[in-house]
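Asks: Residues per chain are reported as follows:
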Amino acid sequence: MSTAATGTRPPRWLGWTAIVPVAFLLVFLAYPLGRLVATVLDVDGPAGFARQLQSPALWRLGALAAGQALMSTALALAVGLPIANVVSRYRFRGRALVQALVTVPFVLPTVVVALALRSLLGGAVPQGLLLVVLAHAYVNLAVVVRIVGAQWAQHDGSLEIVARTLGASRARAFVDVTWPALRPAIGSTAAVVFVFCFTSLGIVLVLGDPSTRTLESQILRQTSVLLDFPGAAATALVQLLVVSTVLLLGLRAGRRTPARRVRPVPLRRATGVARVAVLTTAAVAATIVLAPVVALVLRSLRVADGWGLDWWTSASSVDAGTTRIGSPLSAIGLSLSYAAVTAVVAALVGGLAAVAVLMPGRARATALVAMVPLGVSSATLGLGTLLAFGRPPVDLRGTWLLVPIAHALVAVPLVVAVVAPALRTTDRRILAVAATLGAGPTRAFWTAYGPVLRVVVVASAGLAAAVSLGEFGAASFLARVGSPTVPVQIVRLLGRPGEQSVGVAAVLAVVLVVLTLTLVLAVDRLGRGLRRGQAA
Amino acid sequence: MTTARLEVRDLSVGHDGIVVAGGIALRVDPGEILAILGPSGSGKSTLLSTIAGVVAPLSGRVLVDAVDVTTMPVHRRRIGLIFQEPLLFAHLSVGDNVAYGMRRQGVERRQARRRAAELLAWVGLPGYEGRRSDQLSGGQAQRVALARALGADPSVLLLDEPFSALDAELRGRLAVEVAARLRDAGVAALHVTHDAAEAEAVADRVVTIDELAR
Chain D
2 MSTAATGTRP
12 PRWLGWTAIV
22 PVAFLLVFLA
32 YPLGRLVATV
42 LDVDGPAGFA
52 RQLQSPALWR
62 LGALAAGQAL
72 MSTALALAVG
82 LPIANVVSRY
92 RFRGRALVQA
102 LVTVPFVLPT
112 VVVALALRSL
122 LGGAVPQGLL
132 LVVLAHAYVN
142 LAVVVRIVGA
152 QWAQHDGSLE
162 IVARTLGASR
172 ARAFVDVTWP
182 ALRPAIGSTA
192 AVVFVFCFTS
202 LGIVLVLGDP
212 STRTLESQIL
222 RQTSVLLDFP
232 GAAATALVQL
242 LVVSTVLLLG
252 LRAGRRTPAR
262 RVRPVPLRRA
272 TGVARVAVLT
282 TAAVAATIVL
292 APVVALVLRS
302 LRVADGWGLD
312 WWTSASSVDA
322 GTTRIGSPLS
332 AIGLSLSYAA
342 VTAVVAALVG
352 GLAAVAVLMP
362 GRARATALVA
372 MVPLGVSSAT
382 LGLGTLLAFG
392 RPPVDLRGTW
402 LLVPIAHALV
412 AVPLVVAVVA
422 PALRTTDRRI
432 LAVAATLGAG
442 PTRAFWTAYG
452 PVLRVVVVAS
462 AGLAAAVSLG
472 EFGAASFLAR
482 VGSPTVPVQI
492 VRLLGRPGEQ
502 SVGVAAVLAV
512 VLVVLTLTLV
522 LAVDRLGRGL
532 RRGQAA
Chain G
10 MTTARLEVRD
20 LSVGHDGIVV
30 AGGIALRVDP
40 GEILAILGPS
50 GSGKSTLLST
60 IAGVVAPLSG
70 RVLVDAVDVT
80 TMPVHRRRIG
90 LIFQEPLLFA
100 HLSVGDNVAY
110 GMRRQGVERR
120 QARRRAAELL
130 AWVGLPGYEG
140 RRSDQLSGGQ
150 AQRVALARAL
160 GADPSVLLLD
170 EPFSALDAEL
180 RGRLAVEVAA
190 RLRDAGVAAL
200 HVTHDAAEAE
210 AVADRVVTID
220 ELAR
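These protein sequence lines are chains D and G, in that order. Using our numbering, read the first sequence as starting at 2 and increasing by one per residue. Using our numbering, read the second sequence as starting at 10 and increasing by one per residue.
Take the hints with a grain of salt, since some may be wrong.
[To be verified] Far from chain D, some chain G residues (derived; all Cβ distances over 10 Å): (1) Ser68; (2) Arg70; (3) Asp74; (4) Pro82; (5) Ala222.
[Stated by the list, open to error] Stretch-level coverage of chain G by chain D, calculated; a stretch enters the list once three of its residues show a Cβ under 8 Å from a Cβ in chain D: (6) 90-102; (7) 105-117.
Honestly, the hints are just simulated from the structure, not real lab data. Note that beta-carbon positions come from the ideal geometry of N, C-alpha and C, so glycine has one too.
Extracted from the complex, chain D is given alone in its bound form (with noise of 0.2 Å):
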């Protein structure tokens, strides 16, 4: 006889599926990372390691990354939080479109984030660390905003009106009552935010000088410039102890936020010079967001002799890309295919690996272990894809397969990210009722998640596709020299001299603008169709 509590359990063979998740990181994932110890390892075993860790050039660089990074980490917070203070507190005409709009940076793809950059000051500010940090800011933006805005719109305005009937004044409150409910978000987002900065590689390609190096960067030129690859292994395994220490300091930080109910907290309207403020804050944040995309609509139309589309015509001539790699258009017509090969494979492996949530026990894990590819950065990925699949026994190199399975494993945690909180806030008393009317395990399964995972799955290989369009690490490493992904063409192109290669970047890099922002803007639509559908 079957009992109550199975009719609200989904069906059995839905733990199998984990299989799927589990064999992909295995082989993809675990494997290429071994591959990576061993090749270190290989050398000269744990000594040469050591010795490898003890070089005062690998500390060094690690160095300059580092302060690099927390100057960008801080202006990503200066920026960031008085925006995120106005925009999720206050209530003013366009406040859904400047929301909307902070977001947009951290979606474009780095590469073109630092032609965007490059194309607004590169007169004003020249190539290095400023322009780096400044790009690194930018796209972080969201980061802050989101993150620390989401706490801060939670945060209970009375606790300070309280502080002030016992005598604080608006700023000893604000560090008294303020800081401290935010100190937990400020804290993990500083994490996430360094982590960016620390790993970046496009950005410091495009805009910055042998001051800027990042380990990201040192990886690729080790093992494409100088052929080190136990050299760039090493490099790697530093990179990644760094990362997930971070991380985990990141963690603890976001876990200290002080027990209490979390309540909606209604937005107020500024009254005033509060609201000359706001309203500032709100315009100053469009505008920096808006300017170095329009600055980069714009170099794409600025020729020799004025304005034309001179180098939106060359795009798809050889001429304009270079006689060993192909047309500029053959390039995004690639790109296109691995971003529809990472859309599947991403949403299959993700979603089911976000479908343990459901599970009882410890099949639940394998949502987490399918978020470990975030703490690996994307050069690290490539490397151990390269050392583990493109050499005998398995040489993939001659295939197509090695850029999409690497931004698959990218992709994956995000689509983890999307589908799991949607699964888990789904009723699960439908169940239940499902069962109670006479359908079976498999069944009941269909009716209460099937409508949610249909669009979350869709919405989530929308953003797969959106981040395989837009990665350029993996790919440095992984796309073959004669077929180049956009944004590895873009940063080619910038490689070589004349205007015809720049004005073809940008076109490209336009291109890559209006994919991106369509696919986001389409899987907002759907998410937004579901959060209506969930509210109904």
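Fit chain G to the given chain D structure using the hints.
Replies: Using the frame of chain D, we list chain G on its own:
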């Protein structure tokens, strides 16, 4: 404990220029507890927020001991405010919550802590200084809020339905207890509620918000 006379003259309160309650006049003498009765949405809470300086009045004046405090910043008025919920600072211990107002007035840390311990004992929570706010029951947390408000030595204390989040039995008991403490402290208090029984139990004088309006 400092105490003073609170006077409100022709005060109109509301939000975004919309009047919720207009032409209000009232007076609370030193040591007196005045209860204002009114249904939800009648502007009771907005009236208290305006007197405390949290919300700007649409018109009218607020005086403490004949001094016009209408445009004075919240933190300089020395008007305490207790909300429906205790709103304790979760990152501070119970003792530091109570000492908070004293510290803002420049009381030395050790002395503030000693006084906080006395106040906690006075509200029936002796030895609770080191506890976290999430270790308290609803009634205990509201007593801490009372101790915290009185610790700041306010001239006037405003209570905005401070017991409404508690269950009926505890509400009745705590209302009587708090009234006794307020009388003991001799502070002028303005208590708003929609519960007539609570108003009668707590106050020296009970009026409806309609009676206060012009």
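Asks: Quick check: do three or more residues in the stretch 90-102 of chain G have a beta carbon closer than 8 Å to a beta carbon of chain D?
Replies: holds (count 7)
Asks: Examine the stretch 105-117 of chain G: at least three residues should have C-beta closer than 8 Å to a C-beta of chain D.
Replies: It holds: at least three residues are needed, and the stretch 105-117 of chain G offers 4 whose Cβ sits within less than 8 Å of chain D.
Asks: Far enough from chain D: is every CB of that chain over 10 Å from the CB of Pro82 (chain G)?
Replies: With a cut-off of 10 Å, Pro82 (chain G) comes too close to chain D, as the shortest Cβ separation is near 8 Å.
Asks: May I ask you to check that Ala222 (chain G) keeps its beta-carbon over 10 Å from the closest beta-carbon of chain D?
Replies: 24 Å, holds
Asks: Would you check whether the claim that Arg70 (chain G) is not at the interface survives, using Cβ distances to chain D and the 10 Å cut-off?
Replies: 19 Å, holds
Asks: Is the Cβ of Asp74 (chain G) more than 10 Å away from each Cβ in chain D?
Replies: 18 Å, holds
Asks: Would the least Cβ to Cβ distance between Ser68 (chain G) and chain D come out above 10 Å?
Replies: The claim holds: Ser68 (chain G) sits with its nearest Cβ about 16 Å from chain D, beyond 10 Å.
Of the numbered hints stated above, the single one contradicted by the structure is hint 4.
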